[in-house]
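Using the sequences plus the hints, can you model the full thing?
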Amino acid sequence: MKYLEISKIYIKSQLVWRADVVFQVLFTVTKILFAYLLWGIIFNDRTEVAGFSFQSMLSYYVISSFLSQIEMSDGISSEISQRIRSGTFSKYIVIPIDIQKYFIAMEVGVVAYYGIFQFMAAFVWVIIFRIQFVVSHNPIIILCAFLLVVLGLLFMVQLNYYLGLLALKYQEIGTFLMIKNNLVAFITGSIVPLMLLPEGIVSVMKLFPFYYVTYLPSMLFIGQLESEAVPGLVIIFIWCVMLQVLIHVTWGSYRRKYDGVGI
Amino acid sequence: MEFKRNIRVIKALIEIRFQNLMMFRLGFFGPFFVDGSLFLIQLMVFQAIYSNVDRIGTWGRGEMIVFIGTFSMINAINMVVYFFGINGLPQKIKNGDLDLYLTKPGSPLVRMTFEKINPGSLPLVGMSVLIIAYGIHQLGKPISGVAIAGYLFWIILMTILFYEMEVIIRSICFFVLSNANVTRIEEIGLELCMKIPGIVFYGGYRLLFCCILPYGIMATLPVQSLIGELSVLGAVYGILLTIIFTIITRGVWKRGVRCYNSASS
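Chains L and H supply the protein sequences, listed in that same order.
Counting from 0, one number per residue, gives the positions in the first sequence under numbering that gives the first Met the number 0.
Counting from 0, one number per residue, gives the positions in the second sequence under numbering that gives the first Met the number 0.
Be a bit skeptical, because a hint or two may be false.
Claimed, not checked - Footprint (simulated), chain H over chain L, 3 or more residues, beta carbon under 8 Å:
#1 31-37
#2 139-153
#3 170-179
#4 185-195
What the hints assert, rightly or not - When the alpha-carbon atoms are kept at most 25 Å apart in a straight line, the in silico DMTMM-like pairs for lysine to aspartate or glutamate are as follows:
#5 H:LYS115 / L:GLU171
#6 L:LYS168 / L:ASP73
#7 L:LYS205 / L:GLU47
#8 H:LYS3 / H:ASP98
#9 H:LYS93 / L:ASP19
#10 L:LYS179 / H:GLU185
#11 L:LYS256 / L:GLU198
#12 H:LYS253 / H:GLU14
#13 H:LYS93 / L:GLU78
#14 L:LYS256 / L:ASP97
#15 L:LYS168 / L:GLU47
#16 H:LYS103 / H:GLU14
#17 L:LYS179 / H:GLU190
#18 L:LYS179 / H:GLU186
#19 L:LYS168 / L:ASP97
#20 H:LYS91 / L:ASP19
If you are wondering where the hints come from, they were derived from the structure by calculation, not from laboratory data.
Please read all numbers here as calculations on a predicted model, not as lab measurements.
Cβ atoms here follow ideal geometry from the backbone N, Cα and C, with glycine treated the same way.
So, in structure tokens, the structure goes:
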């Protein structure tokens with residue numbers, strides 16, 4: 000119940016920063032605009048690229064932009080690492096909550112708030128760019144895609160929480176986090192669909208969780224790669240479990256290093 | 000005389016900056032790794048696209064690699080020379096620290112521009128040169144000395160334009176309480192224009208990204224000049240736009256300093 004309250008508080012606190020919503024929406028349109036202009040000129044003299052038509056490519060970008068924009072958990076790692084460095088992480092230690100669950104609840108609140116606006120914005124972009132939206136009609140596949148989105152968001156929260164905890168040992172991880180953000184944008188398929196990459200690389204990527212965070216759900220929503228839905232759910236679930244174990248072990252051994260002093 | 004004095008000030012600022020960097024070595028190469036990863040990913044993205052298509056508009060793989068290298072080069076010069084100095088301007092206006100710059104001899108803008116040079120980003124310049132060289136190799140045609148000289152001229156000109164955009168955007172803080180959201184517009188423009196060359200823009204998009212927020216021409220014009228695709232009209236446009244932005248930058252800065260009331264908030 001208390002975690003629900005945390006989610007509610009974070010929904011309310013987002014209301015204070017209304018301009019942020021506008022700029023988040025603008026970031027989404029940048030990605031769609033990128034796709035519209037770049038792929039528009041590419042599709043001028045062809046009808047298909049790597050199994051995509053122009054409309055399915057734009058549909059992919061609308062969905063993947065929406066998913067990558069509501070995934071805002073990178074703030075967790077920077078919040079934890081900054082607080083550890085400044086010695087104010089004690090705030091989370093002294094309150095009667097599980098710290099990781101606190102951040103999950105926080106993410107739920109943020110996603111719920113931004114998700115509504117991003118969804119409306121995506122709808123508007125579809126109309127403005129006159130996209131003939133391609134979507135799967137298979138309800139089971141849609142359900143799998145939704146589950147993948149939820150597990151993907153959970154995995155990213157876990158990952159960012161874990162990376163934040165590394166500041167207990169390594170102090171300054173800001174640079175590493177920025178590089179991670181650059182890399183994640185690529186390997187989750189937010190910049191280009193992973194189908195454009197060589198088959199061997201894609202096969203390796205399928206073993207890692209990032210493939211299932213944005214790329215596979217987006218593909219499932221537009222009615223492609225349906226055979227990968229169930230294996231995808233299993234793989235990302237296994238990754239979530241493994242990462243949870245790693246978080247447990249890391250927190251157990253690193254928390255003693257926290258001195259609450261800061262630099 | 001003033002130019003000579005400015006050179007002396009710049010030299011002194013660089014010396015002070017090096018002493019400062021020796022004290023705080025942590026994260027020295029941070030900007031290199033962050034921006035380096037960004038442009039390497041950019042390369043991978045276009046490698047992936049070009050493994051499925053031959054051309055994007057009139058540009059093949061070579062032109063696009065040179066484009067990415069050029070954007071990386073302009074960004075690298077920005078990071079090495081002036082980014083960290085100019086980026087601190089809004090904060091200095093907000094907390095009144097700009098007083099220290101206005102009361103000291105010499106141009107406050109020159110001082111701010113060169114006081115935080117970042118040699119840790121120098122490897123980015125090297126990396127950009129490698130990307131450009133690889134792109135030229137991919138072009139598969141000989142590049143004359145004149146073309147290279149023209150290319151360097153455009154790099155310098157577009158770096159100046161980039162600098163002016165940064166100053167204008169951050170100078171908005173003279174007139175409003177916070178320019179955080181304006182710098183985000185800069186981010187949005189940059190994010191888009193580093194991914195797609197100016198040749199792709201048309202209509203309203205061209206007006207927006209090649210004139211109002213001219214990030215769209217910054218790497219495109221040098222590449223067009225190198226591959227012999229730049230028309231006389233395009234060249235005149237690039238030079239005129241830079242001159243106009245220089246005038247705007249001077250005007251905004253001077254007016255901003257007059258509006259500055261030294262009160263911290």
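Here is how each hint holds up against the structure:
1. 31-37: holds (count 4)
2. 139-153: With 0 residues close enough to chain H, the hint is violated.
3. 170-179: With 5 residues in contact (Cβ-Cβ under 8 Å with chain H), the coverage given for the stretch 170-179 of chain L holds.
4. 185-195: holds (count 4)
5. H:LYS115 / L:GLU171: holds, 21 Å
6. L:LYS168 / L:ASP73: Holds - the C-alpha atoms of ASP73 (chain L) and LYS168 (chain L) are around 19 Å apart, at most 25 Å.
7. L:LYS205 / L:GLU47: holds, 24 Å
8. H:LYS3 / H:ASP98: holds, 24 Å
9. H:LYS93 / L:ASP19: holds, 21 Å
10. L:LYS179 / H:GLU185: holds, 22 Å
11. L:LYS256 / L:GLU198: violated, 44 Å
12. H:LYS253 / H:GLU14: Roughly 28 Å separates the two Cα atoms, so the pair is violated.
13. H:LYS93 / L:GLU78: The given pair, whose Cα atoms are some 24 Å apart, holds under the 25 Å limit.
14. L:LYS256 / L:ASP97: With a Cα-Cα distance of about 19 Å, the restraint between LYS256 (chain L) and ASP97 (chain L) holds, given a limit of 25 Å.
15. L:LYS168 / L:GLU47: violated, 50 Å
16. H:LYS103 / H:GLU14: holds, 18 Å
17. L:LYS179 / H:GLU190: holds, 17 Å
18. L:LYS179 / H:GLU186: Judged against 25 Å, a Cα distance of about 18 Å means the pair holds.
19. L:LYS168 / L:ASP97: holds, 21 Å
20. H:LYS91 / L:ASP19: With Cα atoms ~23 Å apart, LYS91 (chain H) and ASP19 (chain L) stay inside 25 Å; holds.
Violated hints, in rising order: 2, 11, 12, 15; the structure is consistent with all others.
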